[in-house]
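Model the full structure from these sequences, guided by the hints.
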Amino acid sequence: MNAGLKNPVVKAIFYAFLIVWGISVIYPLLWTLLDALKNNEQFFRNKPWSLPEFPLLWSNFSYVWSKYNFGTYFVNSMIVTVGSTGLGLLLSATTSYVLARYKFRGSNSLYLLYISSMMIPFVLALIPLFFLMNSMHLINTKIGLIVVYASSVLAFGIFVLVGFFRALPKELEEASIVDGASYYGTFFRVMLPLSQPGLITIAIVNVLNIWNEYIVGTILVNDPTQYTLPVEIGVMQAEMQYRTEWGPLFAALLVTIVPVLLVYIFFQRQIANGITAGAVK
Amino acid sequence: MNSGTARWQRNVFIASFIIPTLVFFVVFTIYPVLQGLYYSFYDWSGMSNKKKFIGFDNFKEMFHDPIIWRAIGNDYFLVAGKVIGIMVIATFFAVALTRFGFKLAGFFRSIFFIPNVISVVVIGVLWNFIYNPQIGFLNAFLSLFTKEQVTITWLGFTEHTIWMLLPPAIWAGIGFYMILLIAAIQNVPASYYEAASIEGASQWKQFRNITMPLVWEQIKVSILNIMMTTLNGSFVIVWIMTEGGPDNSTQVMGSYLYQMAFRQYHFGYGASIGFVILVLSLITTIILQRLMRHEAVEMS
Numbered sequence: 001m002n003a004g005l006k007n008p009v010v011k012a013i014f015y016a017f018l019i020v021w022g023i024s025v026i027y028p029l030l031w032t033l034l035d036a037l038k039n040n041e042q043f044f045r046n047k048p049w050s051l052p053e054f055p056l057l058w059s060n061f062s063y064v065w066s067k068y069n070f071g072t073y074f075v076n077s078m079i080v081t082v083g084s085t086g087l088g089l090l091l092s093a094t095t096s097y098v099l100a101r102y103k104f105r106g107s108n109s110l111y112l113l114y115i116s117s118m119m120i121p122f123v124l125a126l127i128p129l130f131f132l133m134n135s136m137h138l139i140n141t142k143i144g145l146i147v148v149y150a151s152s153v154l155a156f157g158i159f160v161l162v163g164f165f166r167a168l169p170k171e172l173e174e175a176s177i178v179d180g181a182s183y184y185g186t187f188f189r190v191m192l193p194l195s196q197p198g199l200i201t202i203a204i205v206n207v208l209n210i211w212n213e214y215i216v217g218t219i220l221v222n223d224p225t226q227y228t229l230p231v232e233i234g235v236m237q238a239e240m241q242y243r244t245e246w247g248p249l250f251a252a253l254l255v256t257i258v259p260v261l262l263v264y265i266f267f268q269r270q271i272a273n274g275i276t277a278g279a280v281k
Numbered sequence: 001m002n003s004g005t006a007r008w009q010r011n012v013f014i015a016s017f018i019i020p021t022l023v024f025f026v027v028f029t030i031y032p033v034l035q036g037l038y039y040s041f042y043d044w045s046g047m048s049n050k051k052k053f054i055g056f057d058n059f060k061e062m063f064h065d066p067i068i069w070r071a072i073g074n075d076y077f078l079v080a081g082k083v084i085g086i087m088v089i090a091t092f093f094a095v096a097l098t099r100f101g102f103k104l105a106g107f108f109r110s111i112f113f114i115p116n117v118i119s120v121v122v123i124g125v126l127w128n129f130i131y132n133p134q135i136g137f138l139n140a141f142l143s144l145f146t147k148e149q150v151t152i153t154w155l156g157f158t159e160h161t162i163w164m165l166l167p168p169a170i171w172a173g174i175g176f177y178m179i180l181l182i183a184a185i186q187n188v189p190a191s192y193y194e195a196a197s198i199e200g201a202s203q204w205k206q207f208r209n210i211t212m213p214l215v216w217e218q219i220k221v222s223i224l225n226i227m228m229t230t231l232n233g234s235f236v237i238v239w240i241m242t243e244g245g246p247d248n249s250t251q252v253m254g255s256y257l258y259q260m261a262f263r264q265y266h267f268g269y270g271a272s273i274g275f276v277i278l279v280l281s282l283i284t285t286i287i288l289q290r291l292m293r294h295e296a297v298e299m300s
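Sequence order for the protein chains is A and B. Heads up: the first sequence runs through residues 1 to 281, numbered per full-length UniProt numbering. Heads up: the second sequence runs through residues 1 to 300, numbered per full-length UniProt numbering.
Think of the hints as simulated: they come from the structure by calculation, not from any bench. Heads up, a few of these hints could be off.
Have a look at the derived ranges for each label pair, beta carbon to beta carbon [claimed, not checked]: (1) A:S50 with B:F207: 36 to 44 angstroms; (2) A:S62 with B:P133: 26 to 34 angstroms; (3) B:Q149 with A:G163: 52 to 60 angstroms; (4) A:D223 with B:T229: 24 to 32 angstroms; (5) B:L291 with A:G71: 49 to 57 angstroms; (6) B:I30 with A:Y102: 18 to 26 angstroms; (7) B:F141 with A:R269: 30 to 38 angstroms; (8) A:R105 with B:E194: 48 to 56 angstroms; (9) A:S107 with B:S110: 35 to 43 angstroms; (10) B:F145 with A:A12: 19 to 27 angstroms; (11) A:E53 with B:P133: 19 to 27 angstroms; (12) A:S62 with B:Q289: 51 to 59 angstroms; (13) B:Y265 with A:W49: 38 to 46 angstroms; (14) B:P189 with A:D223: 54 to 62 angstroms.
Now the stretches of chain A that chain B is said to cover, found in silico as 3 or more residues with beta-carbon under 8 angstroms [to be verified]: (15) 46 to 55; (16) 122 to 130; (17) 199 to 213; (18) 260 to 271.
Simulated crosslink set (BS3-like; lysine-lysine; CA at most 25 angstroms straight-line) [said to hold, decoys possible]: (19) B:K103 with B:K205; (20) B:K220 with B:K205; (21) B:K147 with A:K47; (22) B:K60 with B:K50; (23) A:K67 with A:K142; (24) A:K170 with A:K103; (25) B:K103 with A:K11; (26) B:K205 with A:K11.
Small disclaimer: the values here were computed from a predicted structure and weren't measured. Using N, Cα and C, we set each Cβ at its ideal position, and we do this for glycine too.
So, in structure tokens, the structure goes:
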């Protein structure tokens, strides 16, 4: 079906571009790993691309894990990411199902409200959010981050899932109702399992976004025991002006990157689906 | 079972699925956004008892604030730079990986998306290291070609430092838009290309006459999306890499908002910057949609 490029020179040039860009993406990751195994002295004596000297300083990892408390931040990030993804999924799936299947007064406006909120710049909400959370005593808590993140992913979730539920055949629900299942039973036992591909796609995209989120985390958390990984990376990088510990900094970056990289490797297809689903506005 | 209870059950079901979500959404999204608009008319340092209504004074003050003008300029510089850089490269890769029959297309596609799954904070730190004057990658690389050690402070120029923030922003954005464009190109019926090939149309002609018109809608959406995400979110990379410095020369609206509110405690002024971001993104959306309107082609 595809003739491809006929001119070998042109083809080689295009290949070269692809390879150069590929290297520009892979190399920083590789180099993060290599630099995580160096001590400070090697950073200043050797070239940035030189390999770490033996013995490799794997201890940099245990150092950031315990001395910099990355163990705690890792757990915090996990709890916040899983909690807010789960909560966001539950809230958006329930509303999406009703919006897709039931007509009631205002249902259309409600759908439009959610969808159009994707156009509002979220920075606008940062200042009030800080004071709101403060008055609710949710500053410096994981619950605070969870509810804010969960709320921030609702519009995207509803946008994708309403489309998903609408596309499912109605007969299955009708059969379930005829069998005497309640509305809730139908939703949880019939519709949710059927919409699994959509749910997984949204969950993955949200996991990546929430795990990586920085600015809300910085504003809502200033107690170091409650930091998430990106917040601590920001703090650590600012501290580097006074005490330089480059090896541990790179080890810290790697601790932050590896989980999302694993998620990406395992769920590539869902992520691509999520992007294309979310962008067809 | 009479129809009254059936109706009641149905309504309870609907309410129980709609209301919790709506409450969350109103409390943690709608209400803060409206509050943000409201605060922009106040002089407020964060203490609730010292909030003073000052009408449009924050906005008037902005007219005389050279930093906000600089920030707006930087924002639009980043928008323009990212739109051009990302769209040209992403379109190039999307076409190359779908239309040119490369064997490793799938592999490259997977690799190119990686920067998009990494936190902006991490990207900022990595690029800071590339630019680091003493131990950075860029200076070490340039030193290979010079007698003396190169020690350029890449992020320290009082002018044009904003240019240094463009490469990381473009680097981080390519994969996402490439995936969108690949999906759009794959939606173009293969028969169009086959017909063109039979008639001997070159790859370039096929790109100009088939691909471009048919994925134009997606390109439009992508450009609008880059604009929006840049005005709303580019400040994170700015904050990590330069904190708006040196001497506020790389400040963008978002970073200036953050600095005003959370560093200098001018919450009212910060909120009014948020208002400006909203207004500018709406205006820019409308203008861009007008500019890009007439070139759309409907796919049958």
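Against the structure, the hints come out as follows:
1. A:S50 with B:F207: 36 to 44 angstroms: Once the Cβ atoms are compared, 42 angstroms apart, the range 36 to 44 angstroms for F207 (chain B) and S50 (chain A) holds.
2. A:S62 with B:P133: 26 to 34 angstroms: holds (31 angstroms)
3. B:Q149 with A:G163: 52 to 60 angstroms: About 58 angstroms separates the Cβ atoms of Q149 (chain B) and G163 (chain A), which means 52 to 60 angstroms holds.
4. A:D223 with B:T229: 24 to 32 angstroms: holds (30 angstroms)
5. B:L291 with A:G71: 49 to 57 angstroms: holds (52 angstroms)
6. B:I30 with A:Y102: 18 to 26 angstroms: holds (23 angstroms)
7. B:F141 with A:R269: 30 to 38 angstroms: holds (37 angstroms)
8. A:R105 with B:E194: 48 to 56 angstroms: holds (51 angstroms)
9. A:S107 with B:S110: 35 to 43 angstroms: holds (40 angstroms)
10. B:F145 with A:A12: 19 to 27 angstroms: holds (26 angstroms)
11. A:E53 with B:P133: 19 to 27 angstroms: The hint (19 to 27 angstroms, Cβ to Cβ) holds, given that E53 (chain A) and P133 (chain B) are roughly 23 angstroms apart.
12. A:S62 with B:Q289: 51 to 59 angstroms: holds (54 angstroms)
13. B:Y265 with A:W49: 38 to 46 angstroms: holds (44 angstroms)
14. B:P189 with A:D223: 54 to 62 angstroms: Since the Cβ atoms of P189 (chain B) and D223 (chain A) sit about 57 angstroms apart, the hinted range of 54 to 62 angstroms holds.
15. 46 to 55: It holds, with 3 qualifying residues against the three required.
16. 122 to 130: Since 9 is at least three, the answer is holds.
17. 199 to 213: Answer holds; 4 residues pass the 8 angstroms Cβ test.
18. 260 to 271: Check passed, 6 qualifying residues.
19. B:K103 with B:K205: holds (23 angstroms)
20. B:K220 with B:K205: The hint holds at about 21 angstroms.
21. B:K147 with A:K47: holds (15 angstroms)
22. B:K60 with B:K50: holds (21 angstroms)
23. A:K67 with A:K142: Holds, at about 22 angstroms.
24. A:K170 with A:K103: holds (15 angstroms)
25. B:K103 with A:K11: holds (12 angstroms)
26. B:K205 with A:K11: holds (16 angstroms)
The structure fails none of the hints (numbered hints given earlier).
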